[in-house]
Every structure is written in C-alpha cells, then in structure tokens.
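Residues per chain are reported as follows:
There are 2 protein chains.
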Amino acid sequence: MKIKRSERMIDMTYYLINHPHEMISLAFFAEKYHSAKSSMSEDLGIIKKRFDEEGIGDLQTIPGAAGGVKFVPQLKDGDALRKIKRIAEMLSESNRLLPGGYVYLSDLLGHPYVLKAIGQIIASRYADKEIDAVMTIATKGVPIAQSVAYYLNVPFVIVRRDSKITEGPTVSVNYVSGSSARIEKMVLSKRSLRRGSRVLVVDDFMKGGGTLNGMKTLIEEFEAELVGVTVFAEGKFNGERQITDYDSLLYVSDVDLKTKTITVVPGNLFNES
Amino acid sequence: MKIKRSERMIDMTYYLINHPHEMISLAFFAEKYHSAKSSMSEDLGIIKKRFDEEGIGDLQTIPGAAGGVKFVPQLKDGDALRKIKRIAEMLSESNRLLPGGYVYLSDLLGHPYVLKAIGQIIASRYADKEIDAVMTIATKGVPIAQSVAYYLNVPFVIVRRDSKITEGPTVSVNYVSGSSARIEKMVLSKRSLRRGSRVLVVDDFMKGGGTLNGMKTLIEEFEAELVGVTVFAEGKFNGERQITDYDSLLYVSDVDLKTKTITVVPGNLFNES
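Protein chains in written order, with the numbering used here: chain X, 40 to 312; chain R, 40 to 312.
It is worth saying that the hints were derived from the structure and are not from the lab.
Hints may be right or wrong, so weigh each one.
Note that identical chains are pooled: a pair holds if it fits in a single copy or bridges any two copies.
Unchecked claim - Calculated pairs, DMTMM-like style, for lysine to aspartate or glutamate (alpha carbon to alpha carbon, straight line, at most 25 Å):
#1 Lys203 with Glu223
#2 Lys224 with Glu311
#3 Lys115 with Glu46
#4 Lys122 with Glu70
#5 Lys71 with Asp118
#6 Lys124 with Glu92
#7 Lys275 with Asp286
#8 Lys155 with Asp167
#9 Lys41 with Glu92
#10 Lys41 with Glu81
#11 Lys155 with Glu223
#12 Lys155 with Glu61
#13 Lys224 with Glu279
#14 Lys229 with Asp295
#15 Lys224 with Asp201
#16 Lys109 with Glu311
#17 Lys203 with Glu132
#18 Lys246 with Glu264
#19 Lys246 with Glu259
Whole structure, please, built from the sequences with the hints as guidance.
Structure below.
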C-alpha cells in the first residue's frame, strides 16, 4: 500500500532515530513504501534539512548504488551548553552537600532529562569516531554508559570491583586509587570485550583519575584500543592526576562546607579550542 | 516561519517520541508552528494513525480547551512476542553455560537491541498505570530499570548491597536470600524516593524471589507503594517463592549441564489471560 509523503515522514523519522549510526539503504525504504529510490531520496532530503535546522543531528547521505543514509545524533554546541548549564545548576544545590565535602548526585544519574542530555552530548563528541563499545565501572557509571551507548548504538560493558560467579572467566587488574593511594582491584568478564575493540570509557566522577587509569590498563589487557575518556563531573584535585587526556562535562570547582556552597561550571569539553 | 505539513510531521514525531507519557498541549504546537489549533489537531490525527498502524504506540488525545496529546509507547502483542523469542534464542546459546548451572547474560544487558526491547515491553505492560519511579538493585538490574524508565519517562532508583559515603543517609532492610537462605542487607539512599511514590520494581533474574521481596520491604519502609514486579528472566525453583505476584519476560525452564543445553521460553507475561 502506498502512503502519502506526510505519513512516510512520520515512519522514516521514527525509524531513523531508532537506528542511529546505522547505514540504511535507499532500497530498504523504497521497498517498504513501494516507491522509487529517487522519491525516497527526496523524502530523506527533507528530513535531513529538518534534522539540521532543529539541531536533532546529521543525516549523512552516502551516494551510489550501494548508497543510503546514516543518522548521526549531534547536538548543536549551543544546545549542549544550555543543557549542561541547567544540569550544573541542579548539581550546585546546597542540600547535595554530604559530610567530607562529597556531593550527592545519584538522583541526577537516574533522571531522564539528565541522562538524555549526557548521552547526547558525549555521543556528539565522538560522532565521527569509530567506536565498538562503551566501558564503565559499576555502579554509578552504568547509567552514563547506557545512555551514551544508546545514542552511538553500540553495546556497553561494566567493569566490577568484585568478580561474580555469573560473570564467567574474568580478567582482573590492580590500580592505585588516587584519593586514598590504596591498591584496589577491578575485573571484567572475559567474554564481554573482543580483542581489537575500539573503546570509549565513561564514568560519573573523577578526582585523581586512578579508576580511569585502571580501566585503561584493563583495555590493554584485552588488547583493545582506548578511543577516549569522558566523565560526567571532575572535582578539584591537588596533585598530579593519573590521567591527563580526558573530557569532563562538569567541573566542581569548589565545595565550601562552611558556607554550604557547591560551585559547578561546564567542564573542559566546553573549553574553546 | 511557517513550514509545510510534511516538515511538521518530522518535528512533531521527534518531539513526541522524546517526551513519552507527557501531556503536550495543542497550544504548544500551534505556537511553535504559527498555525491554528485545528490544523495541529489534523496533523496529530495523521501521526496517531501512523503510530497505531506501525505499532509505535498510542497517541492519546485529551479534548477540550486544556486538551492536548500524550504519546504512550506501546508495542503490539505480536511484536513483543517476536522480540522476546529472538532474545530467548540468544539466551539459550550453549556457550552461556557456566559452572553450577549459571547462565551468562551480562552481554545481553548491555546490548542496544535487547535493552530497547525489554524497556518497550515492560513499559507497555504498565502503560496505563501511574508510575513515579522504577526501582532495581545493583548491578545487573540497572540497565533494565534505565530502559523501562526511559520509555515511561520517570526516574529510576538503585538499591545497593552496601552503603557508600556518596549516598548520604540511607535506609536499610534485611532480607532472606532465597538461594542460600542467608540473611543479607540492602540499602537505599533516603533522598532517592519520596513518600507515597508509586514504584515499579524490575530485576534481571529471579529464583527464590528473596531479593525482590527485600525491595518490597524497602518500599514499605519508604511509605511508598508497589505497583508491580517484572523480571527479565526467571529460573526454575524448587520450593516456595517469596514472591508470587510478578511478571517475567523469559523463563529458563531447564539447564542441562550434561548435554549443555539451556531451554528458554517466553515468561508468564506472555501467558494468555
């Protein structure tokens, strides 16, 4: 059954945003809508324009007989910054302050608006990189990894601090926890990451970078490749960080227990380059 | 600037699927597109029809001056069963078998296809229930909770087995772990759940139901209300389960270490009622 262009726009939009970073052939749509490839091409041109104008993302067109389209979610810089400023505001609410100067952020990492924004921003940052898997460490990194993986349309893997029987054979590495200078252990199920995978590492919070450095070592053990490291928030750290090449969405620049203020600004991802 | 109907269809589709379970007024769209409410109404009628025909979900229309639309993701029963059968096949691969008859499933819970399907199926099951939060226990339940919460557009909360300094004040309960008949502890950050919240509990795997029963107790401690319990997979259990009112997406009906076979069938969610 043939349907109208306006109806096809609904279907195609839904299909594309549910299959990000996936090459879809013109033939697929042509067959689905019993229409000529040329008319599918026109439809996709309209969608491309709207996605661009609305800041939804980039609809990349691959010409030729084997051609098709690929939807790459891509926030505009201004939209990303606007969202991160809103999240910075949430994070700087004074009632988040915990004894010892810790900041409560678990609720934010379960909040649909925040998770969508984090996922979109990090996925935009790596939109033109080839990534096979997102890696994080349990527990608070998981929602971040999942949201990024959703927009990149790749799987994510969870590193744990203990090995469980349900994980099967594991590989473990030791690392130096930056904040306490203790030796700790992290494990990853052997079958969760293929050799040669290109891996993006994400986590919720970074101080000394010890945990992130541990994941870097783990990636080497798997003979995989580290593509990048992005954290939701970084805190102030007096001393040398174990990792220097990373992006942060937020920077908790000051925590003052006396005045009960938390100062949060956009992280280095938003630095002008 | 006025844009054509076919272009509006793209925008509106994108907006609606990014705001599930949210009431959006006709006035919002009318203002955005500088158009009459009646013409927005027509647009939404077309979208409603396509969403229905394509099995994307239900676009509920609320009439009257304060009226609007609400997009409720809702898989058709046939689509849900088809997806779950494909996942059952993945889960019954013999190389998932671990010593002791455990089944490896961590990769599935990091797989975009599987997570979308789980989220859509469970969210469809509770489409007409009022839900304020999804609850799960770390670590493997987290991806399930997040995906369900995504489609219901509500936050999720993570119960932990240990209390961490970054969680602030917590409430803890003891529970009897069904498989080992040991007393264990679970904790939830006090500020993560408001009194009176209507809670949907999800988890990855159920045997005796002890963990789920623990979360039930925790919900009572928070003076919140349990709306339902859904697990990704349930295993065979000899004895009385601690919980009887639950849904499962999959039922691991047999694990045979000798022949190395795992038998997985659709769970009780798919029983004809």
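We went through each hint and held it up to the structure:
1. Lys203 with Glu223: both (16 Å within a copy, 16 Å between copies)
2. Lys224 with Glu311: neither (37 Å within a copy, 48 Å between copies)
3. Lys115 with Glu46: The answer is between: 20 Å across copies meets 25 Å, while 27 Å in one copy does not.
4. Lys122 with Glu70: between (39 Å within a copy, 23 Å between copies)
5. Lys71 with Asp118: between (34 Å within a copy, 18 Å between copies)
6. Lys124 with Glu92: Result: close within a single copy only, 22 Å intra versus 40 Å inter.
7. Lys275 with Asp286: within (14 Å within a copy, 46 Å between copies)
8. Lys155 with Asp167: Both, since 19 Å and 24 Å are each at most 25 Å.
9. Lys41 with Glu92: Answer is between: at 13 Å across copies they meet the 25 Å cutoff, but 28 Å inside does not.
10. Lys41 with Glu81: Cα proximity of lysine 41 and glutamate 81: in one copy and across copies (16 Å, 20 Å).
11. Lys155 with Glu223: neither (32 Å within a copy, 34 Å between copies)
12. Lys155 with Glu61: both (19 Å within a copy, 16 Å between copies)
13. Lys224 with Glu279: within (21 Å within a copy, 38 Å between copies)
14. Lys229 with Asp295: The answer is between: 23 Å across copies meets 25 Å, while 43 Å in one copy does not.
15. Lys224 with Asp201: Both, since 8 Å and 17 Å are each at most 25 Å.
16. Lys109 with Glu311: Cα proximity of lysine 109 and glutamate 311: none, with 28 Å in one copy and 40 Å across.
17. Lys203 with Glu132: between (37 Å within a copy, 20 Å between copies)
18. Lys246 with Glu264: within (23 Å within a copy, 38 Å between copies)
19. Lys246 with Glu259: Cα proximity of lysine 246 and glutamate 259: one copy only (22 Å, versus 37 Å across).
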